[in-house]
Structures are given as structure tokens and as C-alpha cells.
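Using the hints, position chain B against chain A.
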Amino acid sequence: DSGVTQTPKHLITATGQRVTLRCSPRSGDLSVYWYQQSLDQGLQFLIQYYNGEERAKGNILERFSAQQFPDLHSELNLSSLELGDSALYFCASSTGSPHQETQYFGPGTRLLVL
Amino acid sequence: DAKTTQPPSMDCAEGRAANLPCNHSTISGNEYVYWYRQIHSQGPQYIIHGLKNNETNEMASLIITEDRKSSTLILPHATLRDTAVYYCIVRAAGNKLTFGGGTRVLVKP
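Top to bottom, those sequences are chains A and B.
Once you know that position 54 of the first sequence is 54 in this note's numbering, the rest is easy, because the numbers rise by one and skip nothing.
Once you know that position 18 of the second sequence is 132 in this note's numbering, the rest is easy, because the numbers rise by one and skip nothing.
Be aware that one or more of the hints could be misleading.
[Unchecked claim] Just some of the chain A residues that point at chain B, by a computed CB distance under 7 Å:
id: 1; residue: L43
id: 2; residue: F45
id: 3; residue: F64
[To be verified] Take a look, some chain B residues computed to stay more than 10 Å from chain A by CB distance:
id: 4; residue: T170
id: 5; residue: R182
id: 6; residue: R195
id: 7; residue: T197
id: 8; residue: G215
The hints are simulated quantities; they were obtained by calculation from the structure and are not laboratory data.
Note that the structure is predicted; figures quoted are calculated from it, not measured.
Heads up, the beta-carbon is just placed ideally off N, CA and C, and yes, glycines get one too.
Excised from the complex, chain A in its bound form (with noise of 0.2 Å):
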């Protein structure tokens, strides 16, 4: 158990629909990052928030967006989607200590758009 924590673990949507997916870093770590696995794709980096605010963006959709609340939890909203947004999403989270710091990853959101 990582001590990150993610829910819903399963999400089944229809296209066009919005979901919220939901993280919980481990205590005390201030950085927490998104990272979306397709099949055809791999594990790609989405975005980075630390204390609050947006750190790094990467392959993120327009239709996509995240925050990280003063709780330093973080949620994922993914809107109008479609067919090729299903995908396992997961959140990692660390210290976001400037030298070395390890990102521990959550079990996942399964989502499914049908």
C-alpha cells in the first residue's frame, strides 16, 4: 500500500458525459502528479500540481483539467468525453522536495466510456 489513495476505482460514462476523478496524496507530500494508461499508449504524464498550484502540464487534453485543493487532495475532470478517453488514470504523489523525491503511485481509476 502506497498511501496514496483513488476513487472511484471503476467509472463506466457514456460519450459526451463528465466525470471527477478523485486523489489523496500520502500524508505530508505537497506535489501530486496525473498520469493516463491506454492501451495504445503507455503511461503518459497529464499534469503536475505542488501545494496548490499547477506545476507541469504534459500531453493533457483541452478537455481535461485538475486542481489540487488546500487539503492538498486533487481531482481530475475529464468533460465531453469520448471512446478513446478510456483508460486507466493514476495519481502519484510526492514531497516535492527540490533534490531527490520519489512519486508513489495510487491503484487507479478504471474508467470505461462506452
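Chain B in isolation, oriented as in the chain A frame:
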């Protein structure tokens, strides 16, 4: 962050050591070598990381060559539960993790 090259797959006998190679010839001085593994569709699991020196923890050992252009992850006594995809990642502190294809390790009885 520097790119890494890993063999796509390898088999290992249960109880034997598994040696997983990784090439990272363009690694920079401030970049660390990280190893993660992913068992089936679970979240990637951190194994070990290092900068220059060899490292060992309860899961594995990491051997980094003196020129830092390659490394080897050693699972000392592989078990069936070590069957997973192993990712070697090179990154500077604070950067995202860039996952490649990894090495699919199958531990056989």
C-alpha cells in the same frame, strides 16, 4: 530527461536472480536512475533509485556503471509475484516520470 533502452521481455526461473539491464547513454549529471514495476494493471510500484553509487534495499539492488551510461536492476531471488513490467526511468529531481515500454519479466516455476 534522458531516454532509456530496455529489452522488451525476459524470462527468469523462480528462486534465481533476475538481472534487468537498462541503457541510458545520454544521462546528465543531475539525473537519477529510477526503477518501477507494474503488476498487471495495478499502480506502478517504486522499487529503487540511485545517482552514482550502487544501491540496495529490501526489494532489489541497483548497479550503476561508473560512466553512468547503463544500469542493472537485480532481483536476488525472483518469485512468481515478481512477474511484472519493469520500467527504468531517468529523471532529474522534481520532473515527471517518462515511462517507456519497459521489460516484461515472466518468472517461471
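So, going through the hints one by one against the coordinates:
no.: 1; hint: L43; result: holds (4 Å)
no.: 2; hint: F45; result: holds (4 Å)
no.: 3; hint: F64; result: violated (16 Å)
no.: 4; hint: T170; result: holds (16 Å)
no.: 5; hint: R182; result: holds (15 Å)
no.: 6; hint: R195; result: holds (15 Å)
no.: 7; hint: T197; result: holds (18 Å)
no.: 8; hint: G215; result: violated (7 Å)
In this structure, the earlier hints numbered 3, 8 are contradicted, and the remaining ones agree with it.
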